[in-house]
Amino acid sequence: MEKFEIIDALAVPLDRPNVDTDAIIPKQFLKSIKRSGFGPNLFDEWRYLGSGEPGMDNTQRTLNPDFVLNNARYQGGGILLARENFGCGSSREHAVWALLDYGFRVVIAPSFADIFFNNCFKNGVLPIILSAERVDRLFTAVTSTPGYRLMVNLPEQQITTHSGDTIHFEVDAFRKDCLIRGLDDIGLTLQYADAIREFEAQRRQTAPWLFKQQD
Amino acid sequence: MPGKTLYDKLWDSHLVRQDADGTALLYIDRHLVHEVTSPQAFEGLRLAGRRPWRVDSILAVPDHNVPTTDRQSGISDPISRIQVETLDNNCADLGITEFSMNDPRQGIVHVIGPEQGATLPGMTVVCGDSHTSTHGAFGALAFGIGTSDVEHVLATQCLIMKKTRSLLVSVDGQLAPGVSAKDVVLAIIGQIGTAGGTGYSIEFAGSTLRNLSMEGRMTVCNMAIEAGARAGMVAVDATTLEYLAERPYAPRGVLRERAEAAWADLHSDPDAEFDRTVTLDAGQLSPQVTWGTSPEMVAGVDAVVPDPDAEPDSVRREGMRKALAYMDLKPGMPITAIRPDHIFIGSCTNARIEDLRAAATAIRGRKVVASIKQALVVPGSGLVKRQAEAEGLDRVFTAAGFEWREPGCSMCLAMNADRLAPGDRCASTSNRNFEGRQGQGGRTHLVSPAMAALAAVTGHFADIRNELN
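Just so you know, the protein sequences line up as chains A and B, in that order. First residue of the first sequence? That's 1 in my numbering, and the numbers climb one at a time after it. First residue of the second sequence? That's 1001 in my numbering, and the numbers climb one at a time after it.
It is possible that some hints are incorrect.
[As the list claims (entries may be wrong)] List of simulated lysine to any residue pairs, SDA-like, C-alpha gap at most 25 Å: (1) B:K1322 to A:G182; (2) B:K1162 to B:G1199; (3) B:K1163 to A:G182.
[To be verified] These stretches of chain B come out as covered by chain A in the derived footprint (C-beta under 8 Å, 3 or more residues): (4) 1008-1022; (5) 1209-1223; (6) 1276-1283; (7) 1325-1334.
[What the hints assert, rightly or not] Pair ranges (Cβ atoms, derived): (8) B:T1277 to A:E53: 55 to 63 Å; (9) A:R137 to B:A1020: 33 to 41 Å; (10) A:Q191 to B:N1089: 46 to 54 Å; (11) A:Q60 to B:Y1326: 24 to 32 Å; (12) A:T206 to B:G1365: 48 to 56 Å; (13) B:E1318 to A:K3: 32 to 40 Å.
No wet-lab data here; the hints were simulated from the structure. Beta carbons are placed, not taken as given, at the ideal position from N, Cα and C, and that holds for glycine.
All chains should be built: construct the whole structure from the sequences, respecting the hints.
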């Protein structure tokens, strides 16, 4: 996993609440057995006119001119500004893979769905929760200022806005550490393999029916 | 010190270790696997040179991609076929139990787990699927995970996580005839919102819940995720134990007696404290119909489509406008004036035998009206299908003009060939009415099985209570 320290990038405003993972990456693209290549189909149904299927040459498809990712001023964006309950719905990690593959390393919203939030950290994407008022002010600033950038400093837990203001954000200490060091948490967990074995042996004694296979 | 909630008990009994900041290593008893969210996890395991920690904890089944029509010739979509074959190969290589596509026990992962007794009280149950919350109906801690965590559980039998807060949803009152578990959970989501449960695990309790069958409780817990909660659960009682008797994977004989003694404690203590409590009076509940593109956009069948102009919050108002535009509905229109042209009875929410019985009861002797382009019944599993056929339900459906299909996720998310075309409007017993969920441009109204079936024979949403009086 790529390490995360400081990201300085163009902010893209996606102004709608309850953006679900079906919208982030539609189901037909989940048939892939790979982790990469989802970026061109990020927000597929909003981004293109006409339906998309796996294997299509997306460069030949007609873009929806009304969708924010197709707006010339937001090309090359790396920070997604979103509304409440972002990432709700299906557990598909493909949603995070698609955001990352497109180039988003940060999503800022007033709230996130639980599984999506967790999936972000597993892939080097930082989800930042700010108050609805603060997010609202950022929406106003981003939409009224072409070229609006944000600098996200994870070690300092601080966002510096285009105009130089700073915003503090909270992040779980363990997850922060994993992101900054780019750690694989399976390796971390396996450091406790003896404790897991011990727990399991005890459980086998107290709840043997959980270990019994169908006869 | 106050007593423990059911969630506290389940959490504490699975703690391998916990850091001072609350980051915990939680042991996982049951790992359910399907073809869509597992291939990258198995690949990751292989690349790291790792093996599954405990193969006997895993039960795998293909469900999302499988065709619901004749399966003798296999899967025609080559990409879907590769995904299902990848699951078959991973399971064969690693010695994992899989109910493959043509196994009579195959079905939707959240239907077959309980059906087999592979979901038991007191377990932690995970699956790379958000509707894993279904299994909480058994007094289990069950939740969906992403693919990285699927790999983590395969490799370590554990997950790294922090405890959520606890939310008690207490539902009391006698449901009117025809009003079901689906209406209860839609009303709860309508009340607390799709982010209302975010950061919580929900325990559903109260007299209404106690009187629901296990199938009804599964329907309620299934949609806990639609309220944003990590998990939904219901305490163990006699209904739970009765359901589990004689299930293939459930304990028997002496072991069953031991298990039942342990399960007797799987309820919240009378003096347990919850972080938040919500109540719902189910006695007055109408059958529910969603009118928008989020499950919280729901109303009683006797109500009208709401007016965004009456919504004070600007973000929500704009969300309602977008939803009504997508759904092609007008504010003030009676819900009963909405005319679906597709009917889908199926999904992990509502494809169990009781769901099919309720749907069949609503249409017995009647015909699907001409304005309905397609009406599908997709049983939740091969065993549900067989049971329904033994009861003659398939003939009730086919005589009315429904198609009787093979089990799978089908049109709930349209990964297989069953999908809506742009502009189609579906009365669906599934769980999500998101834009494009059932096919790009498709419009979904979430309802109970009886309400979906009734819409098929009337051509519009109608109040099931009037039919049964």
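Hints versus structure:
1. B:K1322 to A:G182: Violated, at about 39 Å.
2. B:K1162 to B:G1199: Status holds; Cα separation ~10 Å.
3. B:K1163 to A:G182: Distance ~24 Å between K1163 of chain B and G182 of chain A Cα, so the pair holds.
4. 1008-1022: holds (count 4)
5. 1209-1223: Contact hint for the stretch 1209-1223 of chain B vs chain A: violated, 0 residues under 8 Å.
6. 1276-1283: violated (count 0)
7. 1325-1334: It is violated, with 0 qualifying residues against the three required.
8. B:T1277 to A:E53: 55 to 63 Å: At 47 Å between Cβs, range violated.
9. A:R137 to B:A1020: 33 to 41 Å: holds (35 Å)
10. A:Q191 to B:N1089: 46 to 54 Å: violated (31 Å)
11. A:Q60 to B:Y1326: 24 to 32 Å: At roughly 26 Å between Cβ atoms, Y1326 of chain B and Q60 of chain A fall inside 24 to 32 Å, so the hint holds.
12. A:T206 to B:G1365: 48 to 56 Å: holds (54 Å)
13. B:E1318 to A:K3: 32 to 40 Å: For E1318 of chain B and K3 of chain A the Cβ distance comes to about 38 Å; the hint holds.
Checked against the numbered hints listed earlier, the structure breaks hints 1, 5, 6, 7, 8 and 10; every other hint is satisfied.
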